[in-house]
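Respectively, the protein sequence lines represent chains A and B. Note that the first sequence covers residues 394 to 732 in our numbering. Note that the second sequence covers residues 4 to 330 in our numbering.
Just so you know, the hints here were simulated from the structure itself, not pulled from any lab data. The reader is advised that the hints may include incorrect statements.
Claimed, not checked - Here are the in silico distance ranges between beta carbons for each label pair:
#1 A:Leu-408 <-> B:Gly-46: 33 to 41 Å
#2 B:Met-54 <-> A:Lys-627: 15 to 23 Å
#3 B:Met-4 <-> A:Glu-723: 16 to 24 Å
#4 B:Gly-46 <-> A:Lys-627: 51 to 59 Å
#5 A:Leu-408 <-> B:Glu-19: 50 to 58 Å
Cβ atoms here follow ideal geometry from the backbone N, Cα and C, with glycine treated the same way.
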Amino acid sequence: MASKKKSDPSGDATLHRELLHSMILQRRFEEKVAEAYALGKIGGFCHLYIGQEAVGTGVMSELRHDDYVITTYRDHGQALARGMSARSVMAELFGRIDGCSRGKGGSMHLFDRSVGFLGGHGIVGGHVPIATGVAFAIKYRGGDQCIVCFMGEAAVNNGAFHESLNMAGLWKLPVVYVIENNRYGMGTAMNRASSIAEMYKRGETYSIHSEEVDGQDVFAVREAMSAAVARARKNYEPTLLEIKTYRFMGHSMSDAVSGTYRSKAELEEYMKRDPINLLKAKMTADGTMRENLVAEIEQEIAATVQDSWDYADASPEPPIEALYEDVLVETTSDTTQEG
Amino acid sequence: MPIITYRDALNQALREEMHKDDRVFLMGEEVGVYNGAYKVSKGLLEEFGEMRVVDTPITELGFAGVGVGAAMVGLRPVVEFMTWNFALLAIDQVVNAAAKMLYMSGGQFPMPMVFRGPNGAALQLSAQHSQAWESWLAHIPGLKVVTPGTPYDAKGLLKSAIRDDNPVIVLEGEMLYNTKGEVPEEEYLIPLGKAELKREGSDCSIITSGKMVLVAMQAADTLAKEGIKIDVVDLRTIRPMDVEAITTSVKKTNRAVVLEEGWEICGIGAQVVDYIQRDCFDHLDAPVIRVHQADVPMPYAKMLERAAKPDLAKTIAAVKKVMYLEA
Numbered sequence: 394m395a396s397k398k399k400s401d402p403s404g405d406a407t408l409h410r411e412l413l414h415s416m417i418l419q420r421r422f423e424e425k426v427a428e429a430y431a432l433g434k435i436g437g438f439c440h441l442y443i444g445q446e447a448v449g450t451g452v453m454s455e456l457r458h459d460d461y462v463i464t465t466y467r468d469h470g471q472a473l474a475r476g477m478s479a480r481s482v483m484a485e486l487f488g489r490i491d492g493c494s495r496g497k498g499g500s501m502h503l504f505d506r507s508v509g510f511l512g513g514h515g516i517v518g519g520h521v522p523i524a525t526g527v528a529f530a531i532k533y534r535g536g537d538q539c540i541v542c543f544m545g546e547a548a549v550n551n552g553a554f555h556e557s558l559n560m561a562g563l564w565k566l567p568v569v570y571v572i573e574n575n576r577y578g579m580g581t582a583m584n585r586a587s588s589i590a591e592m593y594k595r596g597e598t599y600s601i602h603s604e605e606v607d608g609q610d611v612f613a614v615r616e617a618m619s620a621a622v623a624r625a626r627k628n629y630e631p632t633l634l635e636i637k638t639y640r641f642m643g644h645s646m647s648d649a650v651s652g653t654y655r656s657k658a659e660l661e662e663y664m665k666r667d668p669i670n671l672l673k674a675k676m677t678a679d680g681t682m683r684e685n686l687v688a689e690i691e692q693e694i695a696a697t698v699q700d701s702w703d704y705a706d707a708s709p710e711p712p713i714e715a716l717y718e719d720v721l722v723e724t725t726s727d728t729t730q731e732g
Numbered sequence: 004m005p006i007i008t009y010r011d012a013l014n015q016a017l018r019e020e021m022h023k024d025d026r027v028f029l030m031g032e033e034v035g036v037y038n039g040a041y042k043v044s045k046g047l048l049e050e051f052g053e054m055r056v057v058d059t060p061i062t063e064l065g066f067a068g069v070g071v072g073a074a075m076v077g078l079r080p081v082v083e084f085m086t087w088n089f090a091l092l093a094i095d096q097v098v099n100a101a102a103k104m105l106y107m108s109g110g111q112f113p114m115p116m117v118f119r120g121p122n123g124a125a126l127q128l129s130a131q132h133s134q135a136w137e138s139w140l141a142h143i144p145g146l147k148v149v150t151p152g153t154p155y156d157a158k159g160l161l162k163s164a165i166r167d168d169n170p171v172i173v174l175e176g177e178m179l180y181n182t183k184g185e186v187p188e189e190e191y192l193i194p195l196g197k198a199e200l201k202r203e204g205s206d207c208s209i210i211t212s213g214k215m216v217l218v219a220m221q222a223a224d225t226l227a228k229e230g231i232k233i234d235v236v237d238l239r240t241i242r243p244m245d246v247e248a249i250t251t252s253v254k255k256t257n258r259a260v261v262l263e264e265g266w267e268i269c270g271i272g273a274q275v276v277d278y279i280q281r282d283c284f285d286h287l288d289a290p291v292i293r294v295h296q297a298d299v300p301m302p303y304a305k306m307l308e309r310a311a312k313p314d315l316a317k318t319i320a321a322v323k324k325v326m327y328l329e330a
């Protein structure tokens, strides 16, 4: 099992402030996104991460800059937690030229090469083989990076997931598969879609170290990730983490928060374990919280989020010439070699 | 000049490119220990080792995605499908991932990779193993699609495909692997997107590609004996299509037959005919006729299979029809 060092915060005030900042930034940013969506500033499908922030923050906090991340269409929070700027994400959501994908991707397809963020992907399970291929490339080059592949629990019933885990287990690839089990694949409860209740057990059948993690507790996420990353770096070993969480919003902006497939009572019960409040409580208990800290962070983030909105609003739409750009690249004899 | 098989020409292309660039690797079912289901990869495992010649489980969707991921971070995978029929299981990776990654990332992630394997009908393999996928794949922006018809073209096009920084689909003819032709010893490349006039004539154009190039050449030989001179345009690349080569030929001959291996509806020939009607409307002396597979799943019985496939007799009949000659 993972070492216990990370589960005992032992008064690391700077780290805790960073974790809290990361989680509150995701929350406030997405609240602003919901506002922008309602105003028609953002179009298309838009899936919020609210309630799941401890997963993104905890996972990213264990990665190095040269590691890779790939994820689903519920990608705003993770993009921010990975270090993408609020400006570039908001501008992408607004469909503007200064967006991280130059306005070509939108909410579901955030990409940023500079931080190894290999995209939000729109087909459930479709990116899991891609993550496996990135891990293959790391091993091919003899590197010591890893890739984290986020997915929802609904993806684990999909063939792409099983094919990928089989190859990662067979070939020993440095990948951490993170199942964010938020209990619902859109509106279908997992017990109505999966023949087993414990998703992490799917990994065991492929000889992959697999475990269950409390996704509302950022320290629990960090502890499991720390061990997983070490396995990947040292021995090219894959890991499957089933990180249990809950989304506080609907599947997407166009769907009700509760009432159809889940009750308001259930939602309220889960909201008692809001990951941000849990972190605040833990910080208070271990003495790393100080007076006005939350207010300071909130103030800082409010400014960042408003700035991202202003920036996105001022950014031009892509010019019409962009329509035919980036379909193909011009091949040159000196193609980019990545380290 | 050495005369080698189409299979060996492909093998040479892979070997040369793997020597040239250590980012190039081959993966697929049976490519290593078994030396390839069609022996295209013969000897490569021994030469390059198992990290660069990777035997995969029978999981097309999975290993096609592994190729996409590897390409995303700068390797140059060659993904072999044992046949393109099996690639349908992987089509999400080809269409939704490889073809779109560059665009939806705003230009950040090129996909320097090749998906290759045998395409089209062989003999009596019946419905699920006898299909030509050109029009499916050529429909997708973000892909290039090549269809070599000769050993020379197979080597030159595959080498160019591996060096291209975009996802390139290489449709090899299952019935072509044993065919022979001249392949020079010195290195050469064939540019993607350029057709070749395989034979020059003034009476009628046959526009074709892939395995059907051989049929077109036979038709041209046969018709030459009757004094009919055929211009054979081998598209070589289906996407991007060399429209100029098509229209130049048709403006010269004023008549055209479009010959393809696949089905009629929304087929490659439909696209070729569209280019012709747009650019050569005033040059045509007869409606363009298409030759293609019958609009049915491929039957098993010999006689029915023969009836379903485009062939020499159907091609000759089509040429005579556009020339208003008695068959």
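Comparing the hints with the structure gives:
no.: 1; hint: A:Leu-408 <-> B:Gly-46: 33 to 41 Å; verdict: 55 Å, violated
no.: 2; hint: B:Met-54 <-> A:Lys-627: 15 to 23 Å; verdict: 19 Å, holds
no.: 3; hint: B:Met-4 <-> A:Glu-723: 16 to 24 Å; verdict: 33 Å, violated
no.: 4; hint: B:Gly-46 <-> A:Lys-627: 51 to 59 Å; verdict: 35 Å, violated
no.: 5; hint: A:Leu-408 <-> B:Glu-19: 50 to 58 Å; verdict: 53 Å, holds
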